[in-house]
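Protein sequence lines, in the order shown, are assigned to chains A and B. Every letter in the first sequence is one number past the one before it in the numbering used here, and letter 35, counting from 1, is 15. Every letter in the second sequence is one number past the one before it in the numbering used here, and letter 46, counting from 1, is 259.
The hints are simulated quantities; they were obtained by calculation from the structure and are not laboratory data. The model shown is predicted, which means the values in this text are computed figures rather than measured ones. Cβ atoms here follow ideal geometry from the backbone N, Cα and C, with glycine treated the same way. Treat the hints with caution; some may be incorrect.
Here are the simulated DSSO-like cross-link-like pairs (lysine-lysine), alpha carbons at most 27 Å apart as the crow flies [claimed, not checked]: (1) 272/B with 284/B; (2) 276/B with 21/A; (3) 230/B with 276/B; (4) 35/A with 46/A; (5) 276/B with 216/B; (6) 276/B with 44/A; (7) -6/A with 44/A; (8) 284/B with 230/B; (9) 216/B with 21/A; (10) 270/B with 216/B; (11) 0/A with 21/A; (12) 0/A with 35/A; (13) 284/B with 268/B; (14) 276/B with 35/A; (15) 216/B with 44/A.
Ranges of calculated distance between the beta carbons of each label pair, as one might list FRET restraints [unchecked claim]: (16) 31/A with 265/B: 21 to 29 Å; (17) 254/B with 0/A: 17 to 25 Å; (18) 285/B with 39/A: 20 to 28 Å; (19) 266/B with 67/A: 42 to 50 Å; (20) 253/B with 50/A: 41 to 49 Å.
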Amino acid sequence: GAVVSQHPSRVICKSGTSVKIECRSLDFQATTMFWYRQFPKQSLMLMATSNEGSKATYEQGVEKDKFLINHASLTLSTLTVTSAHPEDSSFYICSAVNSGGAGDEQFFGPGTRLTVL
Amino acid sequence: SQKIEQNSEALNIQEGKTATLTCNYTNYSPAYLQWYRQDPGRGPVFLLLIRENEKEKRKERLKVTFDTTLKQSLFHITASQPADSATYLCALDMPGGSYIPTFGRGTSLIVHP
C-alpha cells in the first residue's frame, strides 16, 4: 500500500526558533500534499494544500509567512514553522494523494509532535 | 458551513459485540464520506469511502451506511476485538467536488476483553 513518512516524529524546540518538518511519499508520486494540525481531542484542521512546483494554498486564518511550505518534488513537501511559539505546539500531520490513483484517497503520514518551550 | 457531529463520549463495548459509531452532518450532502482510524500519536488510516449514491459498503468486519435523508452515516465493526480500540474519524468532502475532506472530531472506541 501507499506509504507516507514524516520526519521528525517528535521535536522540542525553544521559542523563536524555526522547525522544518518533512513529508515524503515513499512509493508513489504526489502532485498534491496536505498539511493538517491537530490539537488534543480535536479534529484535524487543514492548514494548507501543497502543490508540486507552485505556491501552496493556505486556509483562512493560517499565516503563510509563519508556516512556509515547499513542495520541491513529486515525493517531498516540507513545512517550516518559523519563529515558533508555545501556541504552535501541536500535532502536525501531512497527507498525500496518489497522482496515479483515483484521486479520492489520501494517505496520511504518522504525524510530527511539535513542542515549543 | 458544514458541521460534522461525532459522539465525543467514548464507546465502550465488550469483545465480540458489534460496535456502531455515528456521524451526522448538517447543511449540504457530500458527494462522498470517508471513515478513518486514528491511534494515539499517529496519523489517520483510511478505512472506507462511501459515495452519495451508495447505501452501504462493506470491507471484512467493517460496514458503513450512508443515509442522505437523515444526513447520517453509521460505521459498524462486527465481532469487535481489543485491537479495534482507537479513535474513528468521519470525513466529508467539501463543496465543489474537491477531494479535500473535512474531518469530525472522532469517537473513541474501547473494546474490553
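Here is what the structure says about each hint:
no., hint, verdict
1, 272/B with 284/B, "22 Å, holds"
2, 276/B with 21/A, "25 Å, holds"
3, 230/B with 276/B, "14 Å, holds"
4, 35/A with 46/A, "14 Å, holds"
5, 276/B with 216/B, "23 Å, holds"
6, 276/B with 44/A, "40 Å, violated"
7, -6/A with 44/A, "21 Å, holds"
8, 284/B with 230/B, "26 Å, holds"
9, 216/B with 21/A, "17 Å, holds"
10, 270/B with 216/B, "23 Å, holds"
11, 0/A with 21/A, "24 Å, holds"
12, 0/A with 35/A, "17 Å, holds"
13, 284/B with 268/B, "12 Å, holds"
14, 276/B with 35/A, "39 Å, violated"
15, 216/B with 44/A, "26 Å, holds"
16, 31/A with 265/B: 21 to 29 Å, "27 Å, holds"
17, 254/B with 0/A: 17 to 25 Å, "20 Å, holds"
18, 285/B with 39/A: 20 to 28 Å, "27 Å, holds"
19, 266/B with 67/A: 42 to 50 Å, "43 Å, holds"
20, 253/B with 50/A: 41 to 49 Å, "30 Å, violated"
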